[in-house]
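> First to last, the sequence lines map onto chains E and X.
Note that the working numbering gives residue 1235 to position 145 of the first sequence, counting from 1, and the numbers run on in steps of one.
Note that the working numbering gives residue 1101 to position 11 of the second sequence, counting from 1, and the numbers run on in steps of one.
Just so you know, these hints were derived from the structure itself, not from any lab.
Some hints here could point you the wrong way.
Identical chains blur together in the list; that is why a pair holds if it fits in one copy or across any two.
Stated by the list, open to error - The calculated lysine to aspartate or glutamate pairs, modelled on EDC-like cross-linking and capped at a C-alpha distance of 20 Å, are:
1) 1097 <-> 1202
2) 1162 <-> 1149
3) 1115 <-> 1149
4) 1097 <-> 1199
There are 2 protein chains.
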Amino acid sequence: MDESLLKQRRSTCPINHIIEIMGDKWTMLVVRDMIFHAKRSYSELQAMPEGIATNILSERLARLERWGLLTKGRDPQDGRRSIYALTEAGMQLIPLLVEMMIWSHGHTDAVDMTTGLAATMAADREGATRELRARLERAHGTSQT
Amino acid sequence: MDESLLKQRRSTCPINHIIEIMGDKWTMLVVRDMIFHAKRSYSELQAMPEGIATNILSERLARLERWGLLTKGRDPQDGRRSIYALTEAGMQLIPLLVEMMIWSHGHTDAVDMTTGLAATMAADREGATRELRARLERAHGTSQT
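Take these sequences, add in the hints, and give me the full structure.
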């Protein structure tokens, strides 16, 4: 993590700390796509259904890198292409995303949801976290930097 | 919940759903103060250490009310004063806040933290959620609308 970022925070409250990193629609959507859809490239991320502008995507990726939540590397299959990987700190956001999924499912039926997915998550949060992490680790393979 | 809000969402992804409601620094700080500090009045909320502007606070409170996360009522001790109470949907955000606390504590020591609080939460997430909810219900008392 770039320590200079800590000086710019508006308070030292731990909730504020994560809000300074993640408290922005686009940042959270980028992390969602990396965690639930195992996206790793700029073009995959840009294709999110919410329509992210390229300058915003670049800024948020750089910001997540500065905060130490992801690393940027070169695609071993195509050296001109950057790929992104979640760090351990990034992976540890999984339980937060699981809670977001459970909450949304519990409070509106106006969301797309694979049948039973949120119920499975709610019944076994730790299991859901473990499974998502295992899937991500497989997707990241050995190319994680 | 004001159903017209659903039509303005950028996608029907469940993660996007909660992001549309909560994916904003100030909204999350308002919810933090209501959950962890059991704040109920405008003036208590305005006193947050991060310094929220009055127009932003008013807008975020109205927004949380439209989404059905809080209700606005009259203070029984002072009829001119509004007080806010979390609804059941608002209370169900507690596990999310608990995860935010645990994550921040695990990823920097540059946060204020009552000794052992995050460790206690991490060891027993459900217990922490129950305890926070019980404390909130006591604070809301019978005046919850």
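> Evaluate each hint against the coordinates.
Hint check:
Taking the closest pair of Cα atoms, residue 1097 and residue 1202 come within 20 Å of each other only across two copies (14 Å); inside a single copy the shortest separation is 40 Å, beyond that limit. Taking the shortest Cα distances, residue 1162 and residue 1149 sit within 20 Å of each other inside one copy (13 Å), while across copies they are farther apart (37 Å). Proximity of residue 1115 to residue 1149 under the C-alpha cut-off of 20 Å is found in both arrangements, the shortest distances being 13 Å within a copy and 17 Å between copies. In this assembly of identical chains, residue 1097 and residue 1199 lie within 20 Å of each other by CA distance solely across copies; the values are 13 Å between and 42 Å within a copy.
In summary, this structure violates none of the numbered hints.
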